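Asks: Based on the sequences and whatever the hints tell you, model everything.
These protein sequence lines map, in sequence, to chains A and B.
By the working numbering, the letter at position 9 of the first sequence is numbered 9, and the numbering carries on one by one without gaps.
By the working numbering, the letter at position 112 of the second sequence is numbered 112, and the numbering carries on one by one without gaps.
Keep in mind the hints are simulated off the structure, nothing from the lab.
Do not take every clue at face value.
Keeping only pairs whose Cα atoms sit at most 20 angstroms apart, straight-line, the calculated EDC-like set for lysine to aspartate or glutamate is [said to hold, decoys possible]: (1) K222(A) - E259(A); (2) K125(A) - E54(A); (3) K247(A) - E219(A); (4) K125(A) - E175(A); (5) K38(A) - D136(A); (6) K249(A) - E219(A); (7) K45(A) - E219(A); (8) K249(A) - D220(A); (9) K261(A) - E27(B); (10) K241(A) - E259(A); (11) K11(A) - E54(B); (12) K133(A) - E27(B); (13) K38(A) - D67(B); (14) K11(A) - E27(B); (15) K133(A) - D67(B); (16) K125(A) - D67(B); (17) K45(A) - D67(B); (18) K81(A) - D270(A).
Every beta carbon over 12 angstroms from chain B, so not counted as near; a handful from chain A, in silico [to be verified]: (19) L27; (20) N91; (21) P187.
Everything numeric in this text was worked out from a predicted model, so none of it was measured.
Cβ atoms here follow ideal geometry from the backbone N, Cα and C, with glycine treated the same way.
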Amino acid sequence: MARIAPTSRQKLSFLIFILIGSFILYLDVTTNSFQNVKNGFKALKISTYFLTREYTIEPIKFFIKFSKNKNDLINENENLKKALDLSYLNNYLISNENIFYKDKEIIKTYADYKFSSSYNIAKLKNIDPNMYKCCDRHRMILEIIESNNYDFIESVVFNDQGIVGQIIDENIFFEVLLLTDISHSLPIRSELNSFFCNAKGSGNADHIQCSYNPLIWTEDIKINQTFYTSGLGGVYPKDIKIGHVSKIKKIDSNENVIEIKLITNPLRSDLFGVLRN
Amino acid sequence: MISLFKKLFLVIVINYIDRNIFSLLSEYFLIFPLTFLAFIYYVYKSDKNVGAFESFSIGIFVDLISDTYFGLNAIIFSLTTYFINLNSNTFKLFSYLQICLFFGLSASAYVGFSQLILNIYNFSYLTLFLSLIANIVFCFLIAFISSYFPKKINMRV
Numbered sequence: 001m002a003r004i005a006p007t008s009r010q011k012l013s014f015l016i017f018i019l020i021g022s023f024i025l026y027l028d029v030t031t032n033s034f035q036n037v038k039n040g041f042k043a044l045k046i047s048t049y050f051l052t053r054e055y056t057i058e059p060i061k062f063f064i065k066f067s068k069n070k071n072d073l074i075n076e077n078e079n080l081k082k083a084l085d086l087s088y089l090n091n092y093l094i095s096n097e098n099i100f101y102k103d104k105e106i107i108k109t110y111a112d113y114k115f116s117s118s119y120n121i122a123k124l125k126n127i128d129p130n131m132y133k134c135c136d137r138h139r140m141i142l143e144i145i146e147s148n149n150y151d152f153i154e155s156v157v158f159n160d161q162g163i164v165g166q167i168i169d170e171n172i173f174f175e176v177l178l179l180t181d182i183s184h185s186l187p188i189r190s191e192l193n194s195f196f197c198n199a200k201g202s203g204n205a206d207h208i209q210c211s212y213n214p215l216i217w218t219e220d221i222k223i224n225q226t227f228y229t230s231g232l233g234g235v236y237p238k239d240i241k242i243g244h245v246s247k248i249k250k251i252d253s254n255e256n257v258i259e260i261k262l263i264t265n266p267l268r269s270d271l272f273g274v275l276r277n
Numbered sequence: 001m002i003s004l005f006k007k008l009f010l011v012i013v014i015n016y017i018d019r020n021i022f023s024l025l026s027e028y029f030l031i032f033p034l035t036f037l038a039f040i041y042y043v044y045k046s047d048k049n050v051g052a053f054e055s056f057s058i059g060i061f062v063d064l065i066s067d068t069y070f071g072l073n074a075i076i077f078s079l080t081t082y083f084i085n086l087n088s089n090t091f092k093l094f095s096y097l098q099i100c101l102f103f104g105l106s107a108s109a110y111v112g113f114s115q116l117i118l119n120i121y122n123f124s125y126l127t128l129f130l131s132l133i134a135n136i137v138f139c140f141l142i143a144f145i146s147s148y149f150p151k152k153i154n155m156r157v
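Replies: In structure tokens form, the structure reads like this:
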């Protein structure tokens with residue numbers, strides 16, 4: 001059957017919808033106006049997933065587990081896994097304890113200081129590996145266990161390898177801006193403490209980049225050189241190891257760009273620590 | 001109504017497959033926009049002209065489920081639908097080769113446009129070029145399969 005070519009009315013409706021689409025796209029790119037809709041949909045998706053799982057897969061799983069004699073062993077295994085993950089987080093924090101709380105210790109006496117209650121455990125709820133691998137927007141959704149209505153905005157999120165980002169939005173769940181997101185900026189310094197810059201997310205997985213003027217910063221940056229947080233932004237604690245230089249690009253005589261490969265990978269674990277402000 | 005749910009369900013399933021394939025192939029600089037390909041195939045095979053509202057709504061829905069900027073897929077879907085509607089009778093004169101080239105080129109145009117919006121800082125011509133070749137080859141394969149198994153492939157949505 002032959003299809004009729006679009007009439008002028010149909011052409012006009014296409015034009016109107018394309019214009020509306022362009023306007024919506026412009027609005028979303030520039031002002032992020034639809035973030036609430038997207039977050040609502042994500043929350044709905046996650047809740048539906050967990051509810052469906054809770055009422056379909058979990059009862060079946062429970063029944064299978066119940067019918068097996070290995071039930072206790074499985075539970076013990078799960079508990080051990082959780083404890084091991086927690087101990088990894090604790091180990092990381094203990095190894096950086098002096099650095100993480102250097103600033104706080106000035107105003108806090110040692111007696112007030114309780115290491116175990118200084119951070120919360122958070123479970124990974126959602127991360128889009130496709131977006132993380134392909135695109136500029138690198139976000140992660142966490143559920144903080146026993147959040148107790150603390151204000152977690154701008155709190156540092158870390159895993160057993162190191163810092164992964166900071167919390168930027170709190171709703172039912174918490175949205176984390178990862179270090180590699182192009183809108184993220186991290187003040188860093190070199191080992192010799194003679195080079196400082198703001199490393200921006202590159203939009204590439206595991207990489208951040210930093211542009212500087214070699215006429216101002218004369219330190220000779222080398223491949224594999226280690227970089228640390230400088231603590232200048234006020235969000236991240238200072239002297240935390242961030243990564244190694246993987247590439248140095250000379251743009252012109254006034255600009256060099258260094259690419260730093262991060263030591264942390266947010267896709268590695270599903271348990272995170274969130275430092276309290 | 002059933003047809004609408006069927007379409008939405010198909011979009012969700014294809015988009016899910018699309019995203020899984022993407023995570024596997026992105027390391028090799030290849031992008032197969034399966035959702036987009038499925039949509040233009042639906043518009044191409046449809047007996048009647050697909051309306052602007054339908055293509056726009058499906059595009060917005062794809063934007064929502066794939067967590068991209070609102071309007072991105074809506075614009076591309078509307079534009080492609082308009083183009084296919086405009087040339088629906090001309091396509092009947094085309095060979096399989098030409099149709100496959102059209103589908104492959106449309107898919108790479110989609111990849112290019114979406115990468116421009118989503119990934120402007122790391123826009124890669126290599127990805128665009130390899131995706132173009134891969135999409136054309138992919139369309140050829142589908143065309144070959146459909147000519148060998150016409151009844152199973154030529155289903156109506």
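Asks: Next, verify each hint and record whether it holds.
Replies: The hints, checked one at a time:
Among the hinted pairs, K222(A) with E259(A) is consistent with the structure: their alpha-carbon atoms are about 11 angstroms apart, no more than 20 angstroms. A threshold of 20 angstroms between alpha carbons decides the hint, and for K125(A) with E54(A) the separation of about 15 angstroms falls inside it, so the pair holds. Restraint check for K247(A) and E219(A): satisfied, since their Cα atoms lie roughly 16 angstroms apart, inside the 20 angstroms limit. As the CA atoms of K125(A) and E175(A) are separated by approximately 10 angstroms, the hinted pair is consistent with the 20 angstroms bound.
Among the hinted pairs, K38(A) with D136(A) is consistent with the structure: their alpha-carbon atoms are about 17 angstroms apart, no more than 20 angstroms. Only pairs whose Cα atoms come within 20 angstroms are accepted, and K249(A) paired with E219(A) is accepted, the gap being roughly 15 angstroms. For a cut-off of 20 angstroms, the pair hint linking K45(A) to E219(A) is broken: about 49 angstroms separates their Cα positions. A distance of roughly 13 angstroms separates the Cα atoms of K249(A) and D220(A); the hinted pair therefore holds under the 20 angstroms criterion.
For a cut-off of 20 angstroms, the pair hint linking K261(A) to E27(B) stands: about 17 angstroms separates their Cα positions. A hinted pair counts as satisfied when its Cα atoms are at most 20 angstroms apart, and K241(A) with E259(A) qualifies at roughly 15 angstroms. Proximity of K11(A) to E54(B) is assessed by CA-CA distance (about 14 angstroms); at most 20 angstroms being required, the pair is judged to hold. Under the criterion of a C-alpha separation no larger than 20 angstroms, the hint pairing K133(A) with E27(B) is consistent with the structure, at around 8 angstroms.
A C-alpha spacing of about 7 angstroms is found between K38(A) and D67(B), which places the hinted pair at or below 20 angstroms, so the restraint holds. Taking the CA atoms of K11(A) and E27(B), the gap is near 40 angstroms; set against the 20 angstroms cutoff, the hint is violated. Annotation: proposed proximity of K133(A) to D67(B) holds, straight-line Cα distance about 14 angstroms (limit 20 angstroms). Between K125(A) and D67(B) the CA atoms are separated by roughly 15 angstroms; this keeps the pair inside 20 angstroms, and the hint holds.
Between K45(A) and D67(B) the CA atoms are separated by roughly 12 angstroms; this keeps the pair inside 20 angstroms, and the hint holds. Restraint check for K81(A) and D270(A): the C-alpha separation of about 12 angstroms stays at or below 20 angstroms, so the hint holds. For L27(A), the non-interface assignment is contradicted: its Cβ lies about 8 angstroms from the closest Cβ of chain B, within the 12 angstroms cut-off. No Cβ of chain B approaches the Cβ of N91(A) within 12 angstroms, the least distance being about 30 angstroms, so the stated non-interface status holds.
Non-interface status of P187(A) relative to chain B is upheld: no Cβ of that chain comes within 12 angstroms, the nearest being about 20 angstroms off.
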